[in-house]
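Novice: Sequence:
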Amino acid sequence: MQEQDSNKLRVNLNPISLEADLAYFGARLELVGEPETRYQAAQLKVYKALETALCENLKRLRKKESKSSSKKKGKSKKNVDNS
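With full-length UniProt numbering, letter number 15 in the sequence shown gets 15, and the count goes up by one each step, no holes.
No lab work stands behind these hints, which were simulated from the structure alone.
The structure presented is a predicted model; accordingly, all values stated were derived computationally and were not measured.
By construction, the Cβ of each residue, glycine as well, lies at the ideal position given by its N, Cα and C atoms.
The calculated lysine-lysine pairs, modelled on DSS-like cross-linking and capped at a C-alpha distance of 30 Å, are:
1) K59 <-> K45
2) K71 <-> K59
3) K45 <-> K64
4) K63 <-> K48
5) K45 <-> K63
6) K72 <-> K59
7) K67 <-> K48
8) K59 <-> K48
9) K48 <-> K64
Restraint-style ranges between C-beta atoms, simulated for each label pair:
10) K71 <-> P15: 14 to 22 Å
11) K72 <-> S17: 19 to 27 Å
12) S68 <-> L29: 30 to 38 Å
13) I16 <-> V46: 21 to 29 Å
14) S69 <-> L22: 17 to 25 Å
15) E36 <-> S68: 40 to 48 Å
Just need the whole structure built from these sequences, with the hints factored in.
Specialist: What follows is the structure in structure tokens.
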């Protein structure tokens, strides 16, 4: 069990890398345009699915960051008030 945990990939998500990935997939979608082959249609479908997943992750990450930054602001205000 411990070996399986150590073999898992750890992903460090940050908004900048997700935005870069979104820009990449947006460019790829533009290049594909209207699919002429089954391969291009499949490629388009995958790019759209990846774009959707990345957008959801980015929204979730931003929401998490805004909550943590508001908690930090609340703590610093309490510390200032207590001084």
